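Number of protein chains: 4
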Amino acid sequence: MNWITLSSTEKSQYFIDEYLSIRARSTALCSNLAIEDFVVQPMADVSPPKWHLAHTTWFFEEVILAKYVSDYSRFHQQYRYLFNSYYKSAGRHWKQSQRGELSRPTVDDVFRYRRHVDNLMVNYLSTTIVDDEIFSLLEVGLHHEQQHQELLLMDIKFILGGNPIDSIYSKKQLNASSLVNPSWQSFSEGIYEVGALESTFAYDNEKPRHNHYVYSFAMSDCTVTNGDYLAFIEDGAYDHAAWWLSMGWDWVCDNQVAHPLYWRKIDNKWYEFTLHGLNLIDINAPVTHISYFEADAYANWKGARLPTEQEMEVYLTSGDDRFFDKPRCYRPENEGADFFHPTKSDAQFGQVWCWSKSHYSGYPRYRPYQGMLTEYNGKFMCSQFVLRGGCVATPTSHYRHSYRNFYAPHQRWMFSGIRLAKDI
Amino acid sequence: MNWITLSSTEKSQYFIDEYLSIRARSTALCSNLAIEDFVVQPMADVSPPKWHLAHTTWFFEEVILAKYVSDYSRFHQQYRYLFNSYYKSAGRHWKQSQRGELSRPTVDDVFRYRRHVDNLMVNYLSTTIVDDEIFSLLEVGLHHEQQHQELLLMDIKFILGGNPIDSIYSKKQLNASSLVNPSWQSFSEGIYEVGALESTFAYDNEKPRHNHYVYSFAMSDCTVTNGDYLAFIEDGAYDHAAWWLSMGWDWVCDNQVAHPLYWRKIDNKWYEFTLHGLNLIDINAPVTHISYFEADAYANWKGARLPTEQEMEVYLTSGDDRFFDKPRCYRPENEGADFFHPTKSDAQFGQVWCWSKSHYSGYPRYRPYQGMLTEYNGKFMCSQFVLRGGCVATPTSHYRHSYRNFYAPHQRWMFSGIRLAKDI
Amino acid sequence: MNWITLSSTEKSQYFIDEYLSIRARSTALCSNLAIEDFVVQPMADVSPPKWHLAHTTWFFEEVILAKYVSDYSRFHQQYRYLFNSYYKSAGRHWKQSQRGELSRPTVDDVFRYRRHVDNLMVNYLSTTIVDDEIFSLLEVGLHHEQQHQELLLMDIKFILGGNPIDSIYSKKQLNASSLVNPSWQSFSEGIYEVGALESTFAYDNEKPRHNHYVYSFAMSDCTVTNGDYLAFIEDGAYDHAAWWLSMGWDWVCDNQVAHPLYWRKIDNKWYEFTLHGLNLIDINAPVTHISYFEADAYANWKGARLPTEQEMEVYLTSGDDRFFDKPRCYRPENEGADFFHPTKSDAQFGQVWCWSKSHYSGYPRYRPYQGMLTEYNGKFMCSQFVLRGGCVATPTSHYRHSYRNFYAPHQRWMFSGIRLAKDI
Amino acid sequence: MNWITLSSTEKSQYFIDEYLSIRARSTALCSNLAIEDFVVQPMADVSPPKWHLAHTTWFFEEVILAKYVSDYSRFHQQYRYLFNSYYKSAGRHWKQSQRGELSRPTVDDVFRYRRHVDNLMVNYLSTTIVDDEIFSLLEVGLHHEQQHQELLLMDIKFILGGNPIDSIYSKKQLNASSLVNPSWQSFSEGIYEVGALESTFAYDNEKPRHNHYVYSFAMSDCTVTNGDYLAFIEDGAYDHAAWWLSMGWDWVCDNQVAHPLYWRKIDNKWYEFTLHGLNLIDINAPVTHISYFEADAYANWKGARLPTEQEMEVYLTSGDDRFFDKPRCYRPENEGADFFHPTKSDAQFGQVWCWSKSHYSGYPRYRPYQGMLTEYNGKFMCSQFVLRGGCVATPTSHYRHSYRNFYAPHQRWMFSGIRLAKDI
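Residue numbers (our numbering), protein chains in the order written: chain A, 2 to 425; chain B, 2 to 425; chain C, 2 to 425; chain D, 2 to 425.
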């Protein structure tokens, strides 16, 4: 939504509406949780759900209220410290790997904190003439909250999935996927423009839009399925160094990795833990919760390769004409709502984040945000890989084809998957 | 209580009463907790309170119900695995350091589990003619539950004490301690009998009662106070290797230890976190939450030494005549109830566990329990030190002069303190 | 040297000469070492010098002799295992971090191994009609040996430099550097060709030559000096998170980094350990032994940035015309020989490897070597950064402008330095 | 040797002779080593042989020369730092686990250091009237050197034994052991005196001689053999938690321990690496290189127990009458010389150090050495176990029945073994 051309009153109303609906979705995502589920942190990368709910609130408090409301007094002095994730310019922060050690503030306290800040935010937006620059910060804050909605789903899945006591997040039953026949979409050599336009909302790391020289390539119009990946496993995936990066092979050996994160072999059958419970793996559904190491090894085994992030963007933005007769994005809401597991391997995007072979770096002439938000993206441009295309946990209004998600090559608790490319 | 001479009916009634009252105290100790407090595990040694409540229940289920009730069907198959602490003969167990990763079962589930097992236990005791051997297992189970009541208080303290948000477990206000003047109690050389009599209840590790040759020694009739320890700190305690064991000095350096566990320096004043909140340190109260390394270093600095565990037992059992005019044990209940912080350095016992210089080993002719309980004590007889005398968190009916508590030399989240001895 | 057009006899002679002279230089580099210096491994990245001498020999034994000499019998069965670096297809290998645990084979044994293989190699080349394909493998083997000559110098420096007993590798005395005034060299936007031509020798990772879209930029014609870097330190380099990558700041804190690897502060003066002994830092010489984290932080502090590897290659290959009146590469041999420390910050290359901001990835349409050498480069394309330009330890005939050196962002025992770029 | 009654001149001569002969043996033990063998440290507990040779020299330099020779100038300022093992009162010391990172000083340098200090020591003893107190320090220094002679053999064995290239320290061939039939020696209950007499040389930790109450027990007159231990392995030793201490079982699992340290299974046969090369295990020879965990588990499996250190001393000092007709101690020199592997399981002592079940603590009224040597023994009295009886690597004149060797329960690179006891 390009709000810049709205009147001042319309802008306020637009942002109040957006703010309330996005904030409401965060708590709605947690409505099925037991209080205990809000608290634990079974690995360092995961945050307790109550921490997400508090941190996104802290973001509005620090970036908007504390800066622009005169004489603002914080809800709780220690929250500034406890719910700062990693912004060094915002002062000390509690250590990320120790978020699960804190029983207090309670979940109730955190909800009280949310309501408090929400009231103040709405009041601020209703009663103040707000600069566009502040609206821009607010817009980042809303996207930030949406990012954490995806993280909430990832973290809830990890919390429930690692517990020997089975539990189900969503009672909706998954439908079986249908068999699809992938074909290769070809793209010709030349200079392509990639990146977000200056005039649209996008994070700093998606800009500036720029030229990139791309060689001719083909991209699969399907993501790799559980069945495809199972064939790789049965051919000795995790037993042969030859397909793996050096660091990847070390990761396999050190962690005795033998299957995707949520797969479990019970009585000689493969099951997969999903937010809809433990199911037999669906052979036609996209494989997901795959590390970069696994994605790269799979591509090597298959005699193909992972695409670059530019190739992915070219592919994603090419859809309008060419995929006319099938929906490009099978988002959960297409099927109703509350589906949090990928089932359509022929979707162009919106099912699983696809690993690119591109390390995460600044685009040519990249300019980070200024102020506190300068730490938002730029400082992580080291030893991570870009993923593209969105997933079932990504809020639809948060998704963009220019979106650059990024993770370390061993991480796999996000809904990551594989789309193959090849040189032509 | 020596129940062995009671009639069969009296025995049943005695154990039903004991069972219900001891079980009730465990839940009562948790009555002030938020649900979130039941879940976290801020260090590997600490267990989430809900784990304690479930594990003590598991103990009765495995040791009594599953063994002696025909066709017994467990409350939940996974609980057998999740709430086994370390009994290898009872099957696999969840890893100790990962107890805090589990949000499920919920606190409600655990309370349901307790009520379920309690009903079955009372039913079993009411309706069955029970062998003395089984009563003996039950008696161990009740003492086991009481041990965990002390652990609950230790763990709750650690959970609340490490959180930057201040909280108070008990609203009772602590009284200031009074100044005491320690004197030395002398004991002459000779053979002493130590250990529990065969005929009384005691753990296997307290038996058999046996002769031990003791050289003449003197024992302080006061434990070391915060004021005493502060003088040590101010004399450079943590800066001089000379007073420390080699492993102790490494521990100081590696962990940058500079004060007892719960002390905090704020605006140049020393405070101490207690279960009654954060207070200025009480100069006359016993120093507590001290590692063996610190206790040993303090004794060296003072030109004294720690007592052996046999000397401690000789001292503790000597009290009847000589401390006639003052209570030997200032237990919390002496002051009413619900006091969980040591305040009387002149108490002979019952305030802080005092480190002995004795490693924890089996007594001459020690025979471990048979069956599953063989793992109760004997397998830990390695690289730990014995503490004697009980503390404010020890249930009074659980305490015995022959009691051998034991911890690794670096641990200090228990209510440990220092009583000095010297050669004479 | 393009040997492809030579006659069969000339090829053999050419390679025998190259082989003997390059092999001789490896041992010559070690001629000043004590036997003890050949053995130790003071950090996992460093290899004992005797290991380098044996491993490069193993390379010829495995890649040429064992493959192409009929009935070849290895010098020692265990050497196959001990001196395999990381080639999984060549069987098991001794763990890299434990190379310094092996006293045997002795240095004498290793020299014996070298002479044995050298004799067989020369004999093979003298008496056999060798395919060009095998000559190509041999050519890689010679470049491989030269790579290890640079590693030898790096590792010897680390071995001697971390020892509290001062020692000097080269008795040649370093001359003081002269002050230089950096200026910016500008390059205009457009498509540039980068990478090695198919017809010249280069590693697989430098090919294929390909188009790359480059935005206009300027490159400093001097590398950052010790004086420049000192100003950064004095402005609080290691105390301010704002200039650092997130992983970089963690690295600084975890390792308490406060200066370049070989700098030492003695009596309030900065010294630098060099292969020519411990000297006061030379304010005008290039700063070296700098991690990517430090290089990136310096550039941020300076308001500039690190160049991409393509910008570096454009810059390096631009020299012929534009730097007419000054030597582009002050290689040690320019000054005689045996100078192993950078002194000329105005050299275009050949003094310090300059960090690019490019992660190390395969070029478009990259094809790895086949066979055992497939593991030579490709499997390391993960979480490393490219450095360009060569250093004083690089053999001159080994250097190419297309050369892609790569290291992890925290590593700094190589002769790494900083050349700044900026957008224009 | 009680030198105290000698004349001043005799004392000097006695100590010069002792000094020269003991010092000479240290270097003689290293005469078969390659220079490379002097340098490496394949695990933190092991020290490079050159370090031992230098450290024992440092001991005389610091304890005698630097203290008692006026205007003494040290051989090399850095040696004071590099060759201090752990004496905090003697200043900083190089980190133990990093001794193998140092190529300098060279082996030649270290031998020069030894000769330098030896000359000064002999000169000092020849030309000065020396107090008995200093002779006593010297006596400790000589025993210290002998302790390191045993460590040298242990460390050389570990250095050679972990190398995939077979090597042999001693060319002497081991004779096969003969079958022995162990019997139990009984001892009656009562007070026993243990510890060294004040008037004889012994370390501070062996004193004072004191009363200890011992219950009746029996001791095996043979140590456990390889054959005995093999039966334990074949009965599932390393697969059943029930026999193990809790820490022991963790050690087995974490390190995947499956046999004694130097055993290797080749083509389904058990071999043992010895200082005399790799041999098939000798079924009748004492099992050695056994951790406390293994010794304790073996005893549990066998239905016996390990003896206390007091029981061991009672047993060891009981031999004079009862073992009249066979040598009590089959020391290497009994067979000639240069035998460094235990072969006689019926020797009362001198073959393998036998683990006692006693943690290492100070005796009643223990007084540590004063001065720098106060750190010699007392600061290690924590979490270690006492071993008694000496081994084939112990210099004969260094051995005493009151000797208290001590190691952590997981260590096993010393010549440790098992002698069983039982209650009677």
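Don't read these hints as lab results, they were simulated from the structure. Some hints here could point you the wrong way.
If several chains are the same, the list does not tell them apart, and a pair holds so long as it fits within one copy or across any two.
Straight-line alpha carbon distances no greater than 20 Å define the calculated SDA-like cross-link-like pairs of lysine to any residue that follow [stated by the list, open to error]: (1) Lys89 to Leu175; (2) Lys68 to Asn164; (3) Lys12 to Tyr125; (4) Lys96 to Gln78; (5) Lys423 to Glu11; (6) Lys270 to Ile5; (7) Lys96 to Ala243; (8) Lys173 to Asp109; (9) Lys89 to Ser200; (10) Lys12 to Gln97; (11) Lys303 to Glu376; (12) Lys96 to Ile135.
Small disclaimer: the values here were computed from a predicted structure and weren't measured.
For Lys12 vs Tyr125, is the C-alpha pair at or below 20 Å within one copy, between two copies, both, or neither? within (13 Å within a copy, 71 Å between copies)
Using 20 Å as the alpha carbon limit, work out where Lys96 and Gln78 are close: within a copy, between copies, both or neither. This pair counts as within: shortest intra-copy Cα distance 17 Å, inter-copy 36 Å.
Checking an output row: Lys12 and Gln97, CA cutoff 20 Å. Within, between, both or neither? neither (36 Å within a copy, 54 Å between copies)
My question is about Lys96 and Ala243: at a cut-off of 20 Å on alpha-carbon distance, are they close within one copy, between copies, both, or neither? between (38 Å within a copy, 18 Å between copies)
At most 20 Å between CA atoms: does that hold for Lys68 and Asn164 within a copy, between copies, both, or neither? Intra 42 Å, inter 27 Å, cutoff 20 Å: neither.
Within a copy, between copies, both or neither: where do Lys89 and Ser200 come within 20 Å Cα-Cα? Close neither inside one copy (30 Å) nor across copies (51 Å); limit 20 Å.
Since the copies are identical, ignore which copy is meant and state whether Lys303 and Glu376 lie within 20 Å (CA to CA) inside a copy, between copies, both or neither. This pair counts as between: shortest inter-copy Cα distance 18 Å, intra-copy 39 Å.
Go through the copies and call it for Lys270 and Ile5: within, between, both or neither, with a Cα cutoff of 20 Å. So Lys270 and Ile5 fail the 20 Å test inside a copy (55 Å) and across (55 Å) alike.
Within a copy, between copies, both or neither: where do Lys423 and Glu11 come within 20 Å Cα-Cα? Answer is neither; intra-copy 48 Å and inter-copy 41 Å both fail.
Checking an output row: Lys89 and Leu175, CA cutoff 20 Å. Within, between, both or neither? neither (43 Å within a copy, 40 Å between copies)
Could you figure out if Lys96 and Ile135 sit no more than 20 Å apart (CA to CA) within one copy, between two copies, both or neither? neither (29 Å within a copy, 49 Å between copies)
With identical chains treated as interchangeable, where does the CA-CA distance between Lys173 and Asp109 reach 20 Å or less: within a copy, between copies, both, or neither? Neither. Shortest intra-copy (28 Å) and inter-copy (25 Å) distances fail the 20 Å Cα cut-off.
Violated hints, in rising order: 1, 2, 5, 6, 8, 9, 10 and 12; the structure is consistent with all others.
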